[in-house]
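A.B. asks: Residue strings, one per chain:
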Amino acid sequence: MSDPDQFRRETRAWLEANCPPEMRKPMTSEGDTYWGGRNAKFSSEPQRVWFERMRDKGWTVPDWPKEYGGGGLDRAEHKVLREEMAAMGARSPLSSFGIWMLGPALLKYGNEAQKKEHLPDIAAGLIRWCQGYSEPNAGSDLASLQTRAESDGDDFVITGQKIWTSYANYADWIFCLVRTDGAAKKHDGISFILFDMTSKGVTTKPILLISGASPFCETFFDGVRVPKSHVVGTVNRGWDVAKYLLQHERAMISGMGERGVGRPLGQVAADSVGSDEQGRLDDAMLRGQISSFEIDEAALSAAAERAVDLAKAGQSHPAFSSAMKYYGTELNKRRYEILMSAGGVDALEWESERSKGGARPRAWLRTKANSIEGGTSEVMLGIVAKRILDLPGA
Amino acid sequence: MSDPDQFRRETRAWLEANCPPEMRKPMTSEGDTYWGGRNAKFSSEPQRVWFERMRDKGWTVPDWPKEYGGGGLDRAEHKVLREEMAAMGARSPLSSFGIWMLGPALLKYGNEAQKKEHLPDIAAGLIRWCQGYSEPNAGSDLASLQTRAESDGDDFVITGQKIWTSYANYADWIFCLVRTDGAAKKHDGISFILFDMTSKGVTTKPILLISGASPFCETFFDGVRVPKSHVVGTVNRGWDVAKYLLQHERAMISGMGERGVGRPLGQVAADSVGSDEQGRLDDAMLRGQISSFEIDEAALSAAAERAVDLAKAGQSHPAFSSAMKYYGTELNKRRYEILMSAGGVDALEWESERSKGGARPRAWLRTKANSIEGGTSEVMLGIVAKRILDLPGA
Amino acid sequence: MALVLTEEQSMLRDSARGLISDKAPVSHLRALRDAKDATGFSRELWKAFAEMGFSGLLVPENFGGSGLGAVEAGVVMEEIGRTLMPSPFLSTAVLAASALTRGGSDAQKAAHLPKISDGSLLAALAVDEGAKHRPLQTKLQASRSGNGFKLNGAKAFVVDGHTVDLLIVAARTAGSAGERNGLTLFLVDPKSKGLAVERTAMVDSHNAARIEFDNVEVNADSVLGEVDQGGALLEGVLNIGRGAVASEMVGLSEEVFGRTVTYLKERKQFGKLIGEFQALQHRAAELYIDIEITRAAVLKALQTLDGDFANASAAVAVAKARAGTTATRAVQEGVQMHGGMGMTDQFDIGFFMKRARVCQELFGDSNYHADQLARMKSY
Amino acid sequence: MALVLTEEQSMLRDSARGLISDKAPVSHLRALRDAKDATGFSRELWKAFAEMGFSGLLVPENFGGSGLGAVEAGVVMEEIGRTLMPSPFLSTAVLAASALTRGGSDAQKAAHLPKISDGSLLAALAVDEGAKHRPLQTKLQASRSGNGFKLNGAKAFVVDGHTVDLLIVAARTAGSAGERNGLTLFLVDPKSKGLAVERTAMVDSHNAARIEFDNVEVNADSVLGEVDQGGALLEGVLNIGRGAVASEMVGLSEEVFGRTVTYLKERKQFGKLIGEFQALQHRAAELYIDIEITRAAVLKALQTLDGDFANASAAVAVAKARAGTTATRAVQEGVQMHGGMGMTDQFDIGFFMKRARVCQELFGDSNYHADQLARMKSY
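Residue numbers (our numbering), protein chains in the order written: chain P, 84 to 477; chain Y, 84 to 477; chain Z, 158 to 536; chain C, 158 to 536.
Next up, chain P with everything else stripped away, as it sits in the complex:
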């Protein structure tokens, strides 16, 4: 790699020069996230400027190879970039399931044509992807999926239903698990396939959640015709790709909480609960709950750091992401229970301007999905029991 100190200086200077001040503030609403795609609109001019500058440097995907639109940074450089962005509070220029999930899978399992076709478009934010995994009768038990892809010449013809497809109604393409061999055992006979959401036979229907938002859809496939060349990896071996990708997803979700971001919980609570003459929160029980939470949060943060370092040292257990996913999501739920308790009545309002449209209770309800999506907490514990502890029959 380049001289690390020099790279850090250059990076910092470039960010200082190119990141608009508006893009250095914490995100406060959905619109602050830019997802890209055919129909994407920027919510502000600084958002556009920031995205385009970063895209041009390949820094929407800093560690992807340059030939696919990435920044070509090595691990150490990428860490420096992340640190410098965090230090200045710079927002991520592009959020995308293509970056977080499909990209790593294509880099590992895709053929050259597939990489060339899809990766640059992901990096440039031109195509927005969604993930077609879960099905109505295969929630935690993903491998029991029923959507079938029947061979017809050079194509597969896909029929079935997906559920919990994130933003399927906004997505341009889908990466999808389908059953290509109905006679094989549960984990066999599954393929990982890509297709355009505008294909004939694809319909989506948003699911209204308890938070009032609809980030997920039901997605229906009625005889969707997809070229066989769109299968990633080997036909009937899609489960390998899916597993690889799930680990990425879990690592991502475990880090999704607002660890260390924004004001400390105890001060947020003091706003609504008040403090005594010694400066202690005027609700001793809540104070204890917050402090216990912050201890666990700091410990998780150390564990996340250690997980990365163990991986670098080649000492990490491949199933450890399940442990982190479990703990991170349960902790994030706890954070929001505390925020609701601290907010009291103010945190119960659902629509007023005062409450920013009920931002806190809606976010609270949203967290309840953390321990379900990407593998339930129960499934995570089962994985740890089986793969790490090697308990019998787990």
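If you're looking for bench data, these hints aren't it; they were derived computationally from the structure.
Treat the hints with care, since some could be wrong.
What the hints assert, rightly or not - Pair ranges (Cβ atoms, derived):
1) C:R337 / P:E360: 11 to 21 angstroms
2) C:A331 / Y:G357: 17 to 27 angstroms
3) Y:R165 / Z:E369: 29 to 39 angstroms
4) P:G397 / Y:P219: 43 to 53 angstroms
5) C:R532 / Z:T196: 48 to 58 angstroms
6) C:R532 / Z:D179: 31 to 41 angstroms
7) Z:T196 / P:T111: 51 to 61 angstroms
8) Z:G305 / P:E360: 30 to 40 angstroms
9) Z:K425 / P:D237: 52 to 62 angstroms
10) Y:M171 / Z:E369: 50 to 60 angstroms
11) C:D385 / Y:G357: 17 to 27 angstroms
12) P:T116 / C:R532: 35 to 45 angstroms
13) P:T116 / C:E392: 14 to 24 angstroms
14) C:E355 / Y:P289: 27 to 37 angstroms
All values derive from a computational prediction rather than experimental measurement.
Beta carbons are placed, not taken as given, at the ideal position from N, Cα and C, and that holds for glycine.
Mind docking chains Y, Z and C on chain P? Use the hints.
C.D. replies: Same frame as chain P, but now just chains Y, Z and C:
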């Protein structure tokens, strides 16, 4: 029944006149409990006087029929007696597994000869009993017991090993589960049998526990000859008797904590931790833990009261004692964790006079058995899941 | 007093359950929410409630009510908790009726209680001002003015505050925030000049309002109880309200638990009913035990309110604290065990989670009551 | 700094583990306990420790030590936690060596540090006075007297206090209990006139003493650091001790957990290995995760002590609090999952439960550190 108010007045007057002042103080050591039996000694003169007076009234077993040495009280009268004794702090005159466990089983399953032979001796504290249930490879899984009783004319010849036999080294007789049909299914082929611990072939070996005490023994039977007439109930149907008796045991253990007895936990803690100027415990976190504990304790106390009332009203579920056993024992463990935390360094001393020979840490360690003995917490939850919630495969 | 319902109380429960499950299942609340109904509950249904004697449950017989107690109020609240039916039962039939009965002059009682009984008058209690329930922190100022008082300040979380005909307002006539002395309750006409009501749409789709008082004039007759001495009256009324909300949470917990156990017996994953998984079995069993124990604690509090009102505070604190933690656990396990379906608005389970959160906050959350209990026990 | 052990640290761990598991398995502690050994640890083993350089681990190289840091101390403590080996490592090699290194004059260092390194000097830190760890509440009085001081008061829970050659005593030279200013550390000869040592037999069979000071005279040279300014020095030394004890608890937790998982794979009930029961599997998995996360938090604290000593308090509070709750959970699950066997003295598991309780209390329990963290973060 008699006029309840009159019975209450008479009872109170009799207790006032007959219960020595020393017997109205809380028990503080093992020696304060009188267990009876062939080798029993009274630890004090007031203990003897109190025992004999109560025995003469039949009030060591107030609700047993008079013909078997009991007091012949009906349910309402028995409740009045318990209330009046509690109000004055009167100690129980006689503790005995014969009273708590064997007696109820004999009253329900015993034949007339067995009742006549054993019940009056239990009531009079002449014979001390122990319980031979658990075996080394059948802890929670009681029904898989291996001790076998082979038929030989009018006798059974018993060979095997028991474990966790409470005070077997002090007991005169044992009520014991043995396998009388090795070919039958697990829960069949078990009989409930009584025999003298001085029989040839019986040996006991105390088990040293982590608390430093040895309330339990390993008990060995090497060809112990017991008349078949000593079987209670039907041969091979001993599991029915055992189950009936286990429910008694669980109800008893769930009530074993010191609920409402002695000084409130918060004040005990204040002794060692101190209080602030507002009179609040000088350890806000501990204060919250104590308060949460006391909420749960008060709730359990209400639940225990309600369980009795539901039973009277014929509305109780027979498996509910498992629920109470689970909660009561887990709560008692919590109580002692709090007491250890409140006691700090002082509660870590194991031998000094200052610490009464390490009374607190020893009692703390003792409570860890609460959720194991009489059916583990896990077994209790399984029973609730199966018998009350009717969950599949539980 | 046995800790079980009497035969009369069981009959009351059956008739409440019959009416509520028939006329106001969860879909009733859902429909009101989706229609953004201006009232937030069904006046027609309230009429039916009144006809069955529920609105006058706590009103003395000589004022047209049934003269029953906290246990009976709890019986009805528990059924309300099962379907989350929105109604003025808590605000009017429990809180206002108790406040008037316990603190009102003969004239005040005669003026309002018969109307509460017959369902024609709705009333609300206005206590909270900040984010958390802290009745002694009341700051809303009532200053003497001519023959009466002028009220200045603001109230929040006034249950049903936007639809009622009468407000019972806790105000400070002396002392400063934190003191028990100097609190006074006032009967205030919500149409008074200077009074502004803002309905607040709540997470649970139930009714609440924020109310501002800008030199609102009331006459001397509008004092409920004694001037400066309203603290004890208020605390007593709040205790009845706490017992009632705790009962609602017991009903809510049991309903969510029942639905969850049913789901465990229906839903298959990995080729098994999920209820066959032992980890879920144990959690379900723990929750069952939790609910049963809470039920006993709540009934104990209600019976103590009826039998030994002056000494009920500890039992009430235990009940409200326990009910809050139990309901929180029940809805959390309910959503988690329902998996993704539990997150959808289409399933009812989210409604229970939302309502449980509001009930937790109402009249003091579990933390508040744990702290109160410690104070009562001097540690 | 990567949150993993360096190669050198891993080698240190291996050599500590080799020695300890070979010479001091749990049976070593058991034998000392059963013999009611007067010293409470093996002097011979301590000599071996010194020869391997462990006693001088934290002593600067110019005083005969290795000049290593908190991470290395934690590595050894963790191995000690695995077998519960009693030794003066914590009292002498960690606490006393740190106090002298950080606060000692050149003369004090020269007098004591080489002897700590070669294993010939044992020393203990005397801080606690009441039932709970509250260093600022120090009341033991040091009043000026001639050229020196007179000490009056009492200390409790002095680890290894009955066998040491040197005491480091926290005393109050000014201010009153609760204040940080006015604390001073003294080097005191335990054979001084007026000093009475009572060995206290502890639940964990480790060593501790109560010490009374009745007009104990010390000269001015015995002040460690600055008069009245010992608070910061003391807090720093305590932080190192906390990190060390947290490490011991990580080792202890992992050992108990490992034994428990082994038992789950061996013990049969109801015709199955108990490890096949899903409820136990999930609890074991949760505990595993808990331990892993605690391990990271503890290593973070140790690295912070080595890298940014002045700002390590928050990380140390997190580590000690987490380690305490994790160890408590580990031993509780350990005993419960071992069933009746876990209750017997014959099984080692009880030793771990007893030691965990003492470690929890040592230098502040989880509650103490949670409170401290809240103070540091101003809420």
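A.B. asks: Which hint numbers does the structure go against, in order from smallest to largest?
C.D. replies: Violated: hints 3, 6, 7, 9 and 13.
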